[in-house]
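These protein sequences, in sequence, are chains P and S.
Just so you know, the first sequence maps onto residues 18 to 352 in our numbering.
Just so you know, the second sequence maps onto residues 437 to 543 in our numbering.
No lab work stands behind these hints: they were computed from the structure.
Just so you know, nobody snuck in bad clues.
Far from chain S, some chain P residues (derived; all Cβ distances over 12 Å):
no.: 1; residue: Ser21
no.: 2; residue: Glu76
no.: 3; residue: Gly100
no.: 4; residue: Asp109
no.: 5; residue: Ser110
no.: 6; residue: Thr118
no.: 7; residue: Pro163
no.: 8; residue: Glu279
no.: 9; residue: Asn288
no.: 10; residue: Arg332
no.: 11; residue: Tyr343
no.: 12; residue: Thr344
Which bits of chain P does chain S cover? Going by a derived footprint, with three or more residues having C-beta under 8 Å, they are:
no.: 13; stretch: 62 to 71
no.: 14; stretch: 168 to 180
no.: 15; stretch: 191 to 203
no.: 16; stretch: 264 to 274
Straight line, CA to CA, 16 Å or less: simulated EDC-like cross-link-like pairs of lysine to aspartate or glutamate:
no.: 17; chain 1: P; residue 1: Lys269; chain 2: S; residue 2: Glu543
no.: 18; chain 1: S; residue 1: Lys471; chain 2: P; residue 2: Glu281
no.: 19; chain 1: P; residue 1: Lys142; chain 2: S; residue 2: Asp512
no.: 20; chain 1: P; residue 1: Lys142; chain 2: S; residue 2: Glu543
no.: 21; chain 1: P; residue 1: Lys43; chain 2: P; residue 2: Asp22
no.: 22; chain 1: P; residue 1: Lys282; chain 2: S; residue 2: Glu478
no.: 23; chain 1: P; residue 1: Lys282; chain 2: S; residue 2: Glu474
no.: 24; chain 1: P; residue 1: Lys246; chain 2: S; residue 2: Asp512
Where is the CB? At the ideal position from N, CA and C, for every residue including glycine.
As a plain string of letters, each chain reads:
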Amino acid sequence: MIKSDILIIGAGPAGLFTVFEAGLLKLRCHLIDALPQPGGQCSEIYPKKPIYDIPGFPEVLAGDLIDNLMKQAEPFKPTFTLGESAETIEEDSEGNYIVTTDAGTKHMAPVVVIAGGLGVFTPRKPPIAELPQFEDKGVEYIVRDPEFYRGKKVVISGGGDSALDWTYFLANGIADRVTMVHRSQSFKAHPDSVQKVLDMAEAGTIDLIMDSEVVGISGNGHVESVLIKSKSGDEKHLPTQHWIPLFGLTPKLGPIADWGLEIEKSAIKVNTVDYSTNRPGIYAIGDVNTYEGKLKLILCGFHEGTIMIQSAFKRVYPDKKNVLKYTTVQGIHGF
Amino acid sequence: MSKEDVHITIIDREGVSHEVDAPLGIGMNIMELCKAMELPVEGTCGGMALCASCQIYIESEHDILDRNEDEQAMLDEAWHVEDNSRLGCQIPISEILEGLVVRIAPE
Numbered sequence: 018m019i020k021s022d023i024l025i026i027g028a029g030p031a032g033l034f035t036v037f038e039a040g041l042l043k044l045r046c047h048l049i050d051a052l053p054q055p056g057g058q059c060s061e062i063y064p065k066k067p068i069y070d071i072p073g074f075p076e077v078l079a080g081d082l083i084d085n086l087m088k089q090a091e092p093f094k095p096t097f098t099l100g101e102s103a104e105t106i107e108e109d110s111e112g113n114y115i116v117t118t119d120a121g122t123k124h125m126a127p128v129v130v131i132a133g134g135l136g137v138f139t140p141r142k143p144p145i146a147e148l149p150q151f152e153d154k155g156v157e158y159i160v161r162d163p164e165f166y167r168g169k170k171v172v173i174s175g176g177g178d179s180a181l182d183w184t185y186f187l188a189n190g191i192a193d194r195v196t197m198v199h200r201s202q203s204f205k206a207h208p209d210s211v212q213k214v215l216d217m218a219e220a221g222t223i224d225l226i227m228d229s230e231v232v233g234i235s236g237n238g239h240v241e242s243v244l245i246k247s248k249s250g251d252e253k254h255l256p257t258q259h260w261i262p263l264f265g266l267t268p269k270l271g272p273i274a275d276w277g278l279e280i281e282k283s284a285i286k287v288n289t290v291d292y293s294t295n296r297p298g299i300y301a302i303g304d305v306n307t308y309e310g311k312l313k314l315i316l317c318g319f320h321e322g323t324i325m326i327q328s329a330f331k332r333v334y335p336d337k338k339n340v341l342k343y344t345t346v347q348g349i350h351g352f
Numbered sequence: 437m438s439k440e441d442v443h444i445t446i447i448d449r450e451g452v453s454h455e456v457d458a459p460l461g462i463g464m465n466i467m468e469l470c471k472a473m474e475l476p477v478e479g480t481c482g483g484m485a486l487c488a489s490c491q492i493y494i495e496s497e498h499d500i501l502d503r504n505e506d507e508q509a510m511l512d513e514a515w516h517v518e519d520n521s522r523l524g525c526q527i528p529i530s531e532i533l534e535g536l537v538v539r540i541a542p543e
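Next comes chain S alone, as it looks inside the complex (with noise of 0.2 Å):
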């Protein structure tokens, strides 16, 4: 891995891992990066906050937790939400994600 993508693994709906380089510096977040692998990820509203179809769970330890207010809102009206949901749309790519381990949410 070089310095300029952090390692990421994103476990599907059926269980199955998937492990990625994820790209830093060319402004992707989470959602973007599913959509990129082909991963049952809508991301209706194109990363608005607004739809909640990229619902994840952070599965590692990483402080990433705080929803914005928006991403909150959107959330209070989604299903299957956790304590380490997040929408994939409201995370970008960043040094600080490497080694993290997120679920994809039921639809």
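Pulled out of the complex, with its shape left as it was, chain P reads as follows (with noise of 0.2 Å):
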């Protein structure tokens, strides 16, 4: 069991600035996060995007936003669990909430903030009728662990940095033989990854079929060969004991749905006095929360989440008096 006094879900802006602000009233916090590393959308969908309105920063990168908002949280040593969505929650006798993740990781705590943006990231699936029966069983949408492979045929679809990535890497002395498909001749990744895919599939290390992408799955209980189809429409099968699609990620608010908690258009209702839930001790922060005249903007974020832990810390601390202290007065004094 994970213990904190603040429970984050979701490590991107508004999730990790919180944290800081937390610090600053000595309460600890634990973040969860689905993607394996922190920064939500920016690090994920836009790193390498600038920002053009964060309060003194006439320009940032998102990616560097978040290299930022890591280091003004570290004096506060806040903790992680990566790569693992929260799945359940539970309160016990004391008003303490236990949050569970996919994995089964325990987290408890007396404050919960919901900082799950929109939601929680998923991998976008092929339209493939038949590909829910061969998930797990030859279709995997992640390499957890790439000695899974070792010896074994993968094709890999995809024209981002990940498929071309796993490619090189799998094609590097662990597969038999790795395949990648690609809907077009162009892609939309890193051109040090492209130019090393492009040289392997030149030397005849992989086999690299472009314009064309795989339409169907065949196989007895596991994936034995994919049909690939060109742009032109010709199709051919080819037998292989995996198949990795890699298309991306996309957000789906999840099982938070199931929480108990009033959802209006996808979002977390809320009180603006302290972005409370209608759950007591339960808070949501940043794109995941909805009220009148929301603006899903980070800096709104950062707001929403210097706000709330003000209520928070009354909850944690119901005896203790606390005072607005100035940064500039009293400095950082890290845990």
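Hints given; two lone chains; assemble the complex.
Here you go:
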């Protein structure tokens, strides 16, 4: 059981800045995020895009903003459960919440802050009717352990960095044979990654099938071949033991929708006095919440986290008084 | 209809047509128009051509099928892509859209 004063679900900008504001009040935070790295959308979708509306930063790359928020939170020693998504919530007899992830990790805190953005990032699945029956039976959306593919025939689809990087990695002495199937002639990836894969195809180390996509799967209880269709309409079956479709991730609100919170248009309704939800001790900040006049902006998430944590302090320490102290006067006293 | 807007028809995933006079001059795009009409378009990435959740088909004869580089790269990764696919977020509302008919692509 991982214990903290504040359990933050979602390690995007709003969640990370809340660690800092909580730290000023001597509250310790733990964060859960489904992604393997902190930063939420900023890291996953647009790390190299400039943001222009962060106060005091005329221009900052989304990835740099996350690095800075991590640095700002660092004195307060946040801890993380990454690569797992929050699934269930229970309340114990002392008013603490116990949040369990999809991997079974348990967390306990008197205050839960949902800073989940647009939701849990889940793999984008190709629209193939027989796909569900082959999930985890030869179709994997994430490479968890490269060794799993040792000596196997693998087909990888997608034209982004993860498709290219895994093709390169698995073709380097792990898989028996890697075939990359890509819809077009161009890639949406780092030029170095593209060049490495093109070089491998040139050298015959991998098979690269462009202007084509996987449109079908066959096998008896496990993937035995995939059906590849080219833009010109030609179809062929390619024998393989695994197909890894890597088409990026898309957010879904997920199990939080069943936590007994008031939901309106896929967002959690909050009281703007302190961004509390209808369940005492559960707050929602950032893009995941909604209220009259809501703006889905990072800077609004920062404000919401700051206001919210004052109310959370009273729940963690009902008998203590809290006075606003300026960092210019007090400095930062980490844990 | 005044000169401040253009008439656009958006067909949703159930085949229902929604007629709207879309305002000119406020920097709106088709994705934002769909969201403003509470049609089921996510616009996850906020309009950066990075998610394809606002994919639409151009059903009228308007000459707006040219995709920009980012948009093309995103559509290369998306599904249900047809020759008349565009990302709604990459189509600004302008006078040339008068009479436009678009259909929202499947999720």
